[in-house]
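*Asks:* Just so we're aligned: 124 in the working numbering is position 124 of the sequence shown, and the numbers increase by one with no gaps anywhere.
With a straight-line Cα cutoff of 25 Å, these simulated PhoX-like cross-link-like pairs (lysine-lysine) come out:
#1 K616 - K658
#2 K475 - K397
#3 K483 - K397
#4 K673 - K608
#5 K673 - K609
#6 K409 - K397
#7 K518 - K589
#8 K422 - K409
#9 K450 - K422
#10 K518 - K586
#11 K335 - K349
#12 K673 - K589
#13 K586 - K673
#14 K239 - K55
#15 K658 - K609
#16 K609 - K589
#17 K518 - K673
#18 K589 - K616
Pair ranges (Cβ atoms, derived):
#19 A512 - D606: 23 to 31 Å
#20 N15 - D266: 14 to 22 Å
#21 E329 - F682: 55 to 63 Å
#22 T56 - S244: 16 to 24 Å
#23 S560 - Q374: 22 to 30 Å
#24 K358 - S244: 53 to 61 Å
#25 N591 - D317: 51 to 59 Å
#26 L403 - Q374: 40 to 48 Å
It should be emphasised that the hints constitute simulated quantities derived from the structure, not laboratory data.
Nothing here was measured: the structure is a model prediction, and the numbers come from that model.
We treat Cβ as the ideally placed atom computed from N, Cα and C, and that holds for glycine.
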Amino acid sequence: MGASLDTPARCPLCNELTRDPVILKCNHRFCQRCLGDLWSISPNGPYHCPEWRCKTVYQTLPFDRPLSSTSSRWAPPRKDDSQSFFSPLKYCSKGAPLTLPLTCFGLFAFYFKGKSGNGEQNPSDPSLRRPSLTSRLLGKRKASTSVSEQPETKRSTEESPRERSNDTETPTTSFSDKTRSPMKSADSDSFPGVSTPGKGKSPVAKLPAAAPGFPRHVGFSLGLDNTNAAPVPCHYCPKTRCQSAVKTCLVCGASMCTEHLRPHLDSPVFRNHTLVPPMEDFSPWRCQEHQEINRIYCRQCGVCVCTVCTVIGSHRDHVCISIREAERELRENLKDEIQQLQEAEQEVKNRVTELSEKKETCNVVLSEARAGVQQQYQAIREALEQEEQLALQCVTKEEHKVLGGLEEKLCNLRSSLQTIQKGLHTLEGLADAKGDKRIQDQLFIMEYNKVAQHNMGSFVDHFKAPEEVDRARLKCLQSWTEKRLDTVVIIMPGKHRDLYRLLYGISPFLDADTAHPKLQLSDNNRAVTYSEAQQAYTDHEARFSSFPQVLAPSPLEEGSWYWEVNVSMDEGRWKVGLCEGQIERKGQKDNSRLGFNSYSWCLACDRKKVEALHNKVAVPVDGDGLTRVGVFLDFEEGVLSFFNVTPGGSLALMHSYKHRFTNPLYPALSVSKTHLAICDLFES
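Take the sequences, apply the hints, and build the full model.
*Replies:* Here it is as structure tokens:
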């Protein structure tokens with residue numbers, strides 16, 4: 001098989017003139033590329049000489065001396081291999097391990113091969129000039145009977161050498177030769193090899209031809225990523241010198257190393273055995289119920305099944321087709337699905353753009369609103385500061401008027417006090433002097449007259465009482481500031497409705513599916529009127545059947561909520577309140593009446609008599625002038641309050657419940673011979 005040195009320089013693997021020839025130590029000569037393709041499946045050895053009768057085995061790369069001085073390294077990939085769908089072989093220096101990365105296709109997992117015309121091939125076809133990779137991989141020997149010598153009937157059911165070459169390629173084999181000379185099938189519907197695209201076009205992956213019933217080899221990724229997995233051991237090697245497997249046979253259920261893989265590649269007995277990259281788990285390829293290879297596609301279930309499943313298994317009566325046909329149908333649907341996904345992608349992009357623009361618009365509006373509020377309150381603060389200064393000036397003026405004259409009087413009195421104390425000290429000295437210290441008569445008279453000349457009583461007689469503080473003026477000032485506080489600041493609970501309306505206000509709708517048949521809802525589902533005539537409502541399990549009540553469609557959970565209801569103080573009866581969703585809808589028992597159970601609260605009016613009602617306990621409240629009821633619910637604080645909303649906008653607390661609310665609550669109304677309407681709190 002190997003070319004000796006005295007024979008023409010023709011590589012027996014490719015049957016062409018040797019390119020960058022390499023001579024082994026056993027004196028057999030091959031192309032570097034052909035030998036590299038052959039040994040790439042076992043990068044760490046051992047390496048068998050491809051010669052038929054040669055039994056030489058090399059543990060390391062056995063390259064001795066190339067005939068060409070320019071081929072110290074293996075030849076780089078040919079230029080036309082750049083269009084191949086697979087990565088080219090990475091050539092290494094002598095002694096380096098061989099690696100060949102494989103591009104993953106992610107194609108359909110299983111394929112069938114049908115007839116390719118009559119099986120005839122053109123001997124002049126350039127694709128047939130080179131022998132198949134089956135002849136090159138692992139040193140395959142010459143077939144006992146060539147394809148051209150076989151009968152026509154047998155050739156119609158077996159692979160051509162070129163077709164089988166497409167199937168016997170391994171994940172570590174270079175595919176540059178195949179893509180350079182693709183096989184041309186006689187049948188346009190059969191699956192040819194990997195086609196080489198034209199200039200400016202992307203490569204298109206075609207299904208490799210295979211033996212009837214199942215693919216011979218799967219040389220591309222099928223979603224089984226073993227990059228980081230541990231090597232799969234060969235099932236035929238003894239444990240003492242177990243080699244890593246390079247292929248797994250799905251029919252035999254065994255993984256094989258390079259040496260034990262030879263029979264599967266050489267013998268026609270194993271022609272229909274499917275070889276895949278080495279794996280531990282066979283479940284994706286086998287039927288879990290019958291442990292047979294999946295050869296059929298169930299169209300109804302959309303899964304691959306074995307033939308037993310279609311005969312006696314769970315897919316017996318299902319519409320089943322071949323995997324090859326299923327792959328073809330799925331590929332036809334693939335374009336539509338891609339188009340749908342592209343349309344969905346574009347729609348999502350448009351939606352994202354729309355929402356992004358809306359977000360920017362909302363941010364601008366909110367920023368302007370925030371800036372406007374801050375500006376208004378800044379102006380309010382400045383106005384309040386100026387007003388505060390004016391109010392303080394009133395107090396300061398009163399201070400100057402009262403305390404200004406009082407300070408002057410205090411200074412005069414302190415001066416008079418010092419004079420009085422000095423004269424008193426002098427007189428006490430004259431009165432207490434004795435003996436030699438006693439002053440003579442004339443001198444005594446002189447000192448006495450000096451002190452007596454000052455009118456001691458004038459200091460007190462001329463003193464005027466200080467002015468009193470004008471308390472009336474200050475009282476008026478206090479009243480005025482309190483009025484200003486009520487006008488400017490709204491922070492006291494129960495003071496004004498605007499606080500509740502702006503922070504917690506909602507305008508709930510009414511659910512027509514819960515309305516009693518005698519309750520007529522308005523077009524906007526916010527007003528309800530009692531009617532003696534039955535409404536044309538459909539039967540619904542949530543509808544009240546006995547009591548004229550109606551609920552809101554959505555419950556209130558967490559946080560604080562406030563809404564208002566317009567009421568009428570006529571001869572009718574009404575209830576405004578809340579209830580849990582567990583309130584009964586059918587029957588005439590108390591568990592379906594607002595205020596007559598532990599899970600409902602309401603403000604009730606019966607012939608102008610108003611009372612708060614919960615769990616059959618009624619508390620009378622003042623309902624004078626009641627035209628609008630405000631309801632405030634605070635889950636965190638556990639507070640439910642009913643207010644009388646006055647025409648001026650202030651709130652008067654009517655009754656408040658303190659309860660730990662654990663379940664969502666529904667706004668509820670009850671109407672009998674009157675009408676109620678939920679207010680739009682932000683209606684202009």
